[in-house]
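Participant: Here's the letter readout for the chains.
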Amino acid sequence: MIRLDGVTRTYGRETSLVTALAGVDLEIGHGEYVAIMGPSGSGKSTVMNIIGCLDRPSAGDYRFEGIEVGRLPDRDRARLRGRVFGFVFQSYNLLPRMTALEQVELPLVYQQVPNRRRRAAEALIRVGLRDRIHHRPSELSGGEQQRVAIARSLVVNPRLVLADEPTGALDTRTGEEVMALLTRLVEDQGITVILVTHEQEVADHAQRTIRMRDGAIIEDTGRAAPAGPAARTISREVPA
Amino acid sequence: MSILDAAAIALRAIGGNRLRSGLTALGLIIGVSSVIVLIAVGQGTQKGITDQIQGLGTDLVFIEPGTSTDTATGTQGGPGSANTLVLSDVDAIAAAGVPGVTDLAGELTLEAQLVAGAENVGATIVGTTAEWPFVRDAAVASGAFFSSTDVTESELTIVLGATAASELFGEADPIGESVRISLAGGRVTFEFTVVGVMLARGGADGSEFDAQAYVPVTSLLSRLQFLRGSGGDVPVSQITVKTTPGTDQELTKQLISDVLLFKHGVAEADFTIQSQDDLISAASSVSNTLSLLLGSIAGISLVVGGIGVMNIMLVSVTERTREIGIRRAVGAQASDIVKQFVTEALLLCTAGGVVGIVLGVGISIGLGGREVGGQEMTTVVQLWSIVLAFAVAAGVGLVSGIYPAVRATSVDPIAALRNE
Numbered sequence: 010m011i012r013l014d015g016v017t018r019t020y021g022r023e024t025s026l027v028t029a030l031a032g033v034d035l036e037i038g039h040g041e042y043v044a045i046m047g048p049s050g051s052g053k054s055t056v057m058n059i060i061g062c063l064d065r066p067s068a069g070d071y072r073f074e075g076i077e078v079g080r081l082p083d084r085d086r087a088r089l090r091g092r093v094f095g096f097v098f099q100s101y102n103l104l105p106r107m108t109a110l111e112q113v114e115l116p117l118v119y120q121q122v123p124n125r126r127r128r129a130a131e132a133l134i135r136v137g138l139r140d141r142i143h144h145r146p147s148e149l150s151g152g153e154q155q156r157v158a159i160a161r162s163l164v165v166n167p168r169l170v171l172a173d174e175p176t177g178a179l180d181t182r183t184g185e186e187v188m189a190l191l192t193r194l195v196e197d198q199g200i201t202v203i204l205v206t207h208e209q210e211v212a213d214h215a216q217r218t219i220r221m222r223d224g225a226i227i228e229d230t231g232r233a234a235p236a237g238p239a240a241r242t243i244s245r246e247v248p249a
Numbered sequence: 003m004s005i006l007d008a009a010a011i012a013l014r015a016i017g018g019n020r021l022r023s024g025l026t027a028l029g030l031i032i033g034v035s036s037v038i039v040l041i042a043v044g045q046g047t048q049k050g051i052t053d054q055i056q057g058l059g060t061d062l063v064f065i066e067p068g069t070s071t072d073t074a075t076g077t078q079g080g081p082g083s084a085n086t087l088v089l090s091d092v093d094a095i096a097a098a099g100v101p102g103v104t105d106l107a108g109e110l111t112l113e114a115q116l117v118a119g120a121e122n123v124g125a126t127i128v129g130t131t132a133e134w135p136f137v138r139d140a141a142v143a144s145g146a147f148f149s150s151t152d153v154t155e156s157e158l159t160i161v162l163g164a165t166a167a168s169e170l171f172g173e174a175d176p177i178g179e180s181v182r183i184s185l186a187g188g189r190v191t192f193e194f195t196v197v198g199v200m201l202a203r204g205g206a207d208g209s210e211f212d213a214q215a216y217v218p219v220t221s222l223l224s225r226l227q228f229l230r231g232s233g234g235d236v237p238v239s240q241i242t243v244k245t246t247p248g249t250d251q252e253l254t255k256q257l258i259s260d261v262l263l264f265k266h267g268v269a270e271a272d273f274t275i276q277s278q279d280d281l282i283s284a285a286s287s288v289s290n291t292l293s294l295l296l297g298s299i300a301g302i303s304l305v306v307g308g309i310g311v312m313n314i315m316l317v318s319v320t321e322r323t324r325e326i327g328i329r330r331a332v333g334a335q336a337s338d339i340v341k342q343f344v345t346e347a348l349l350l351c352t353a354g355g356v357v358g359i360v361l362g363v364g365i366s367i368g369l370g371g372r373e374v375g376g377q378e379m380t381t382v383v384q385l386w387s388i389v390l391a392f393a394v395a396a397g398v399g400l401v402s403g404i405y406p407a408v409r410a411t412s413v414d415p416i417a418a419l420r421n422e
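So the protein lines, in turn, are chains A and B.
Numbering-wise, my numbering puts 18 at position 9 of the first sequence, and it's gapless, one number per residue.
Numbering-wise, my numbering puts 41 at position 39 of the second sequence, and it's gapless, one number per residue.
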């Protein structure tokens with residue numbers, strides 16, 4: 010599903026060049042639940058941003074379902090973000106003036122799909138926020154806000170969910186609840202997950218752990234289950 | 003993203019910061035309404051002048067004496083400064099049978115005091131002929147206008163304008179009463195008998211006529227020998243020619259000019275001929291320039307309002323970096339972001355435009371008929387000024403939305419999402 014070959018990401022100009030990723034090779038199959046761990050500055054968020062088409066590699070190949078997406082035009086990358094990927098962030102990244110329902114509806118607005126309201130409401134019910142549908146972020150607890158963000162990431166039926174420190178702003182118990190919810194939902198729907206964290210307890214939800222340091226992978230527990238022929242079937246659905 | 007979605011997002015953003023949106027729109031409201039009001043005032047002034055010229059009568063051609071030239075200094079006087087026009091010119095034009103000419107009358111005017119008993123009023127004395135009321139579309143309220151016999155016999159008869167009559171006699175009937183025309187501070191006076199009172203014309207343009215008094219031009223001259231020109235002919239200060247409606251006034255002017263040139267025995271005109279249309283177009287060109295000037299000043303305020311909108315939109319983009327990042331992350335295309343910000347600016351400007359139109363039209367109507375600086379204001383709201391002001395407001399919205407919107411698309415989603 011995902012294949013990185015010698016992906017490098019550098020910032021700044023020649024005189025003050027900062028290397029965030031120094032040639033990363035990585036393969037992730039369908040339905041895998043992967044945790045990327047490492048200290049800050051290790052490049053784990055950069056890997057996630059490149060996979061999520063929020064950032065582009067400076068060098069190397071990034072193939073998603075066999076297609077080189079690192080160099081796709083902006084338009085197609087936005088379409089991938091909207092239809093195929095779901096994002097969950099440490100700081101929730103909800104819009105302050107919108108109700109929970111509107112937050113979840115937002116990805117659907119840009120895809121122009123029918124029954125937006127109903128689909129958004131269903132997603133909120135799945136994360137257990139039936140009674141919080143018309144609340145604004147300021148009226149919700151941290152755990153509830155993160156559950157709204159999870160509903161927003163899942164409402165488009167993504168094939169890949171990218172979660173960047175999803176429990177970083179939550180206390181241990183709430184964090185554990187949120188992780189349990191996320192894990193249950195993605196496993197129910199067979200969604201691939203890449204989780205960036207520096208907490209071992211969070212990483213324990215994953216089947217595979219990748220450790221990074223100084224922009225390189227230093228440890229990979231390996232793929233749990235082979236991708237098999239399914240990969241070829243799905244690859245035909247990849248948007249152009 | 004559909005247009006409706008974009009409008010909904012824009013409305014929410016505008017409503018989310020009402021004070022700022024209101025102040026931003028205020029610039030455009032003031033701009034649009036001032037364009038409409040100032041153009042309405044300019045056009046109203048023009049209408050006032052046109053009405054005044056038309057109030058002189060209809061389908062008229064005016065002939066005035068030419069300019070005098072001082073033989074010693076070569077200084078040229080203004081139109082009418084030479085006594086080149088005489089009463090026999092009136093007869094000559096009448097005799098020539100110029101097509102389209104129905105009536106014509108010569109006028110000799112002088113300022114004097116009218117005295118009746120203890121009452122005393124300043125008036126313009128018009129020495130003319132019996133045709134005058136026909137030329138000027140004037141009617142008598144009581145009595146009659148003096149006859150052509152009065153003119154040939156130099157009878158001392160006088161017809162009073164409505165205001166002159168009421169000021170001298172109040173409610174009393176002035177017919178048959180005597181009125182003295184007093185010149186040079188009362189050193190020269192002549193007694194005339196009132197034979198008629200004119201119907202009041204009223205209004206701004208009619209009041210001039212209402213304060214006048216009319217006497218046979220011959221009687222005026224028989225008493226005032228110094229007014230008499232060379233050769234014993236009677237000089238006139240103006241000849242007014244009435245033509246039938248639809249007459250080609252250019253042709254009429256040409257023919258009258260030919261008659262007078264032949265009679266005066268000169269090659270170059272020693273008189274000026276102007277039709278009412280000439281006067282109107284001269285006045286219009288002045289007031290059009292005025293309208294344009296007023297409109298341009300208002301236009302500047304519209305542009306300033308537009309700059310305000312762009313400024314606020316730029317600030318708004320900077321403030322909403324995180325929002326843009328989130329929208330990009332959940333799949334918004336760069337074009338969706340542009341659409342969002344342009345729609346917001348457009349909505350703000352068109353809303354400002356609509357309010358500005360309502361305000362501008364309201365003020366224009368409210369100003370009409372009101373006394374400003376001792377003069378009655380006339381305002382004419384022009385549809386084109388409304389369309390123009392609105393189009394400019396919408397255009398300003400589009401232009402001032404595009405640049406901030408394009409800036410918004412250059413926001414790096416990663417940096418925006420990290421932005422706490």
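Heads up, a few of these hints could be off.
[To be verified] With the Cβ distance kept under 8 Å, some of the chain A side facing chain B (calculated, not the full set):
#1 Ile11
#2 Ala31
#3 Leu35
#4 Tyr42
#5 Asn58
#6 Leu63
#7 Arg65
#8 Ala68
#9 Arg80
#10 Arg90
#11 Arg92
#12 Phe96
#13 Asn102
#14 Arg106
#15 Thr108
It should be emphasised that the hints constitute simulated quantities derived from the structure, not laboratory data.
Don't be surprised by glycine CBs; every beta carbon is placed ideally from N, CA and C.
Participant: Run every hint past the structure and note whether it holds.
Facilitator: Going down the list of hints, with the structure as the test:
| no. | hint | in the structure |
| --- | --- | --- |
| 1 | Ile11 | violated, 18 Å |
| 2 | Ala31 | violated, 19 Å |
| 3 | Leu35 | violated, 19 Å |
| 4 | Tyr42 | violated, 21 Å |
| 5 | Asn58 | holds, 5 Å |
| 6 | Leu63 | holds, 5 Å |
| 7 | Arg65 | violated, 11 Å |
| 8 | Ala68 | violated, 18 Å |
| 9 | Arg80 | violated, 17 Å |
| 10 | Arg90 | holds, 5 Å |
| 11 | Arg92 | holds, 7 Å |
| 12 | Phe96 | holds, 5 Å |
| 13 | Asn102 | holds, 5 Å |
| 14 | Arg106 | holds, 5 Å |
| 15 | Thr108 | violated, 11 Å |
The structure does not agree with the numbered hints 1, 2, 3, 4, 7, 8, 9, 15 stated previously, though it agrees with the rest.
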